[in-house]
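Q: One letter stands for each residue in the lines below.
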Amino acid sequence: MRLLRPMLKEEWRLHSRLFGSTGFGAFPLVVLVISAVAYFGVIASGFSLTELERGVGYVVFFLGLSVGSVGFVSRDAVENLLGESNLLVFSSRTLPVSQRRSVSIFVIKDLIYYSFLYLTPLVVALVPVAYFFDLTVTPAGIALVWVTVNGSFALGVSASFFAAALHTRSRWFLAVVVAGVAGGLVYAPSEVLTYTPIGFYTSPSALTAVTASVPIAVLAVVGILVFDPERGGGTQTYRDVYPRLHELLRGEGLAAKMVLDVTRSSGGVWKIFFSVGVLFGVFVFLVLYVDLVSNIVAAPGIAFAVLLSISTVSVYHWINRFDRLEDYTSLPVDVDEVLRAKAITFAVVSLPVAYAYLAVGVAVFGFDEVVAGIVVLPLATAYVFGVTVYLTGTEPNELLLDSQLFAVFTTAIAAVAVPLFVASIAYLRFPFRATVFAVVLSALSAVVGFALYRRANSRWS
Amino acid sequence: MNAVETDGLTKKYGELTALDGLSLEVEEGELFGLLGPNGAGKSSTIEILTGQTKPTSGGARVMGVDPVENPVEARRRMGVLPEREDPPSFLTPREYFDFVADVRGVELDGSIDEWAERLGFSDKLDSISMDLSRGQKQKVMFAQAFVHEPELVFIDEPLTNLDPVVQERVKGFIVDYNEKGNTVFLSTHDITVAEEICTRVGIIQDGRLVAERDVDEVKSDGSSLIDEFLDEVEA
Numbered sequence: 001m002r003l004l005r006p007m008l009k010e011e012w013r014l015h016s017r018l019f020g021s022t023g024f025g026a027f028p029l030v031v032l033v034i035s036a037v038a039y040f041g042v043i044a045s046g047f048s049l050t051e052l053e054r055g056v057g058y059v060v061f062f063l064g065l066s067v068g069s070v071g072f073v074s075r076d077a078v079e080n081l082l083g084e085s086n087l088l089v090f091s092s093r094t095l096p097v098s099q100r101r102s103v104s105i106f107v108i109k110d111l112i113y114y115s116f117l118y119l120t121p122l123v124v125a126l127v128p129v130a131y132f133f134d135l136t137v138t139p140a141g142i143a144l145v146w147v148t149v150n151g152s153f154a155l156g157v158s159a160s161f162f163a164a165a166l167h168t169r170s171r172w173f174l175a176v177v178v179a180g181v182a183g184g185l186v187y188a189p190s191e192v193l194t195y196t197p198i199g200f201y202t203s204p205s206a207l208t209a210v211t212a213s214v215p216i217a218v219l220a221v222v223g224i225l226v227f228d229p230e231r232g233g234g235t236q237t238y239r240d241v242y243p244r245l246h247e248l249l250r251g252e253g254l255a256a257k258m259v260l261d262v263t264r265s266s267g268g269v270w271k272i273f274f275s276v277g278v279l280f281g282v283f284v285f286l287v288l289y290v291d292l293v294s295n296i297v298a299a300p301g302i303a304f305a306v307l308l309s310i311s312t313v314s315v316y317h318w319i320n321r322f323d324r325l326e327d328y329t330s331l332p333v334d335v336d337e338v339l340r341a342k343a344i345t346f347a348v349v350s351l352p353v354a355y356a357y358l359a360v361g362v363a364v365f366g367f368d369e370v371v372a373g374i375v376v377l378p379l380a381t382a383y384v385f386g387v388t389v390y391l392t393g394t395e396p397n398e399l400l401l402d403s404q405l406f407a408v409f410t411t412a413i414a415a416v417a418v419p420l421f422v423a424s425i426a427y428l429r430f431p432f433r434a435t436v437f438a439v440v441l442s443a444l445s446a447v448v449g450f451a452l453y454r455r456a457n458s459r460w461s
Numbered sequence: 001m002n003a004v005e006t007d008g009l010t011k012k013y014g015e016l017t018a019l020d021g022l023s024l025e026v027e028e029g030e031l032f033g034l035l036g037p038n039g040a041g042k043s044s045t046i047e048i049l050t051g052q053t054k055p056t057s058g059g060a061r062v063m064g065v066d067p068v069e070n071p072v073e074a075r076r077r078m079g080v081l082p083e084r085e086d087p088p089s090f091l092t093p094r095e096y097f098d099f100v101a102d103v104r105g106v107e108l109d110g111s112i113d114e115w116a117e118r119l120g121f122s123d124k125l126d127s128i129s130m131d132l133s134r135g136q137k138q139k140v141m142f143a144q145a146f147v148h149e150p151e152l153v154f155i156d157e158p159l160t161n162l163d164p165v166v167q168e169r170v171k172g173f174i175v176d177y178n179e180k181g182n183t184v185f186l187s188t189h190d191i192t193v194a195e196e197i198c199t200r201v202g203i204i205q206d207g208r209l210v211a212e213r214d215v216d217e218v219k220s221d222g223s224s225l226i227d228e229f230l231d232e233v234e235a
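Top line first, the protein sequences correspond to chains A and B. Just so we're aligned: 208 in the UniProt record's numbering is position 208 of the first sequence, and the numbers increase by one with no gaps anywhere. Just so we're aligned: 134 in the UniProt record's numbering is position 134 of the second sequence, and the numbers increase by one with no gaps anywhere.
So that you can see chain A by itself, here it is in the shape it has in the complex (with noise of 0.2 Å):
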């Protein structure tokens, strides 16, 4: 506790300082509202309540992989995102602690932390939705879903967390490892999911509660103990490729500098990769292991268009990470100049995976069933990022927490990525016209995309 308490208040202390306490303590509640409406269209489109839960459980699982996913990136990350600062976790430097044990300690403060912040939230949201469409939900019902959340989430971290141990001592065993899951999924899929807390949830006892809980706590020892904190140390040195990026880039060197600022960090382009690709990974699995949703999506290629360009959200993170606009404040360049050069980093390395994914999906489910996919990419892409960089800035870490910006965010986003999840169902019976509507929809998004984007230049000089 002498840890974990002072950790607790450094994190509130952390996001109330960046988001107000009104805003970030609201978060909840913005969590709660817009589950609730979520879940209604899911309920209102036919699936169960159980089926819903089981969702639930499923995203819960890569929302985790993907917080956990900060062992990849470790201290730097930190640094860059808040600035010249320090935190508790790093106490090991000054004081008789362990840094397994102050890591350790973190990830349950997160746990915590995402409980209450996200989870509890999350399955709250489904009291009024069932009560509206007249479903039974029980106290231990409730309960019983909230131990799924909490433990598919602390399922995802730790496996997370265990990849990126397992990266810090031999990535070929990573690599053996990560195949030797996918191949599981693959060929025996409801045998593994025996041992989630999905499992449990299926079929709840005392021995599913054990088989469930084992692997969450190998994962997370193992990581703890595997883990080495030193690799990546030392001074790295790299062939200089800035002038031929330069040249690639048409004499955009702020956007050069950028490239290499993200592809260089640790983690390097595969946290590029991990990022865009959990919304994906869930949907894929979704589509190919949920019998409704085969169904309802049987020609996934504008839905998949839509998410990879939602998860590019997440790639605008990763280029604000490692600079601020001060920092060009000692050059002749002006905001404009800082913000076009975002959006080339953006494009450069956002759309490359987002198609890399978009092929695995052609591989998966055939060319005919993803084509619409690949007009619609790039153009609900340039929306998302017009959102994004008009509402942020260059600080779009700010949507994690801020209440009333992440429900401005959701729904614009929304505005556009629901129309064209309708489109994607029609396209099972109008194929030609859902692929009409879907370009043109998303065409005219990009439009209002880049219109944001450069009013986003007067409104963040």
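None of these hints come from the bench; they were simulated from the model. The model shown is predicted, which means the values in this text are computed figures rather than measured ones. Beta carbons are placed, not taken as given, at the ideal position from N, Cα and C, and that holds for glycine. All the pointers check out, no bait thrown in.
Per label pair, the in silico range of CB-to-CB distance:
no.: 1; chain 1: B; residue 1: Val210; chain 2: A; residue 2: Phe273; range: 43 to 49 Å
no.: 2; chain 1: A; residue 1: Gly25; chain 2: B; residue 2: Asp66; range: 43 to 49 Å
no.: 3; chain 1: A; residue 1: Ser458; chain 2: B; residue 2: Glu232; range: 56 to 62 Å
no.: 4; chain 1: B; residue 1: Gly21; chain 2: A; residue 2: Glu326; range: 42 to 48 Å
no.: 5; chain 1: B; residue 1: Gly135; chain 2: A; residue 2: Arg171; range: 42 to 48 Å
no.: 6; chain 1: B; residue 1: Glu234; chain 2: A; residue 2: Val181; range: 55 to 61 Å
no.: 7; chain 1: B; residue 1: Asp123; chain 2: A; residue 2: Val181; range: 53 to 59 Å
no.: 8; chain 1: A; residue 1: Arg169; chain 2: B; residue 2: Asp109; range: 43 to 49 Å
Got chain A; can you put chain B on it based on the hints?
A: For chain B alone, kept in the frame of chain A given last:
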């Protein structure tokens, strides 16, 4: 008994050799200065001796404890002031000292206020650390290294960012602390400071100890530490 011993300490980062067989001894009660140009290996030495990093080969002991095998116990017996370390940004200095006392298992009583008075940050004790100036953060970190009154303190560049008045106070405090029988291991490239307060210095270059000097002997020989230093590193 030696407060600090290293034996053939080598540290490599990939192809870069930061320490190349460093062997040195610091006796209890010394105020030892480790001098060297940028990149000589001073910070790597302190990082190993304070259990932050492991050597590629060689061994070390501080106050009889192996900091590689038992870094937490080693840090329990010492105070550490790293060169670029700030107090936790979102805690006040008072809260941070409470935390330090808690982790170290010591009672601070009224010493927080005494430290704040001595170093001149009494009016900042309840401000969030993120809002402090660089010099004020440095003062807080300096105090945390001493609050538990350790017999051995590692200090990396203690005077950076401090104003001249506080620099004098800090130098005086370090000398007083050493004169009470405690050991101070100081890493710096400020030769003037080392000449002023250290009893003995070691000069490190390219990861190797190239010279050791008794400061009083240097002075009595009519030489200066800066000349000795330049002779060694430019040789």
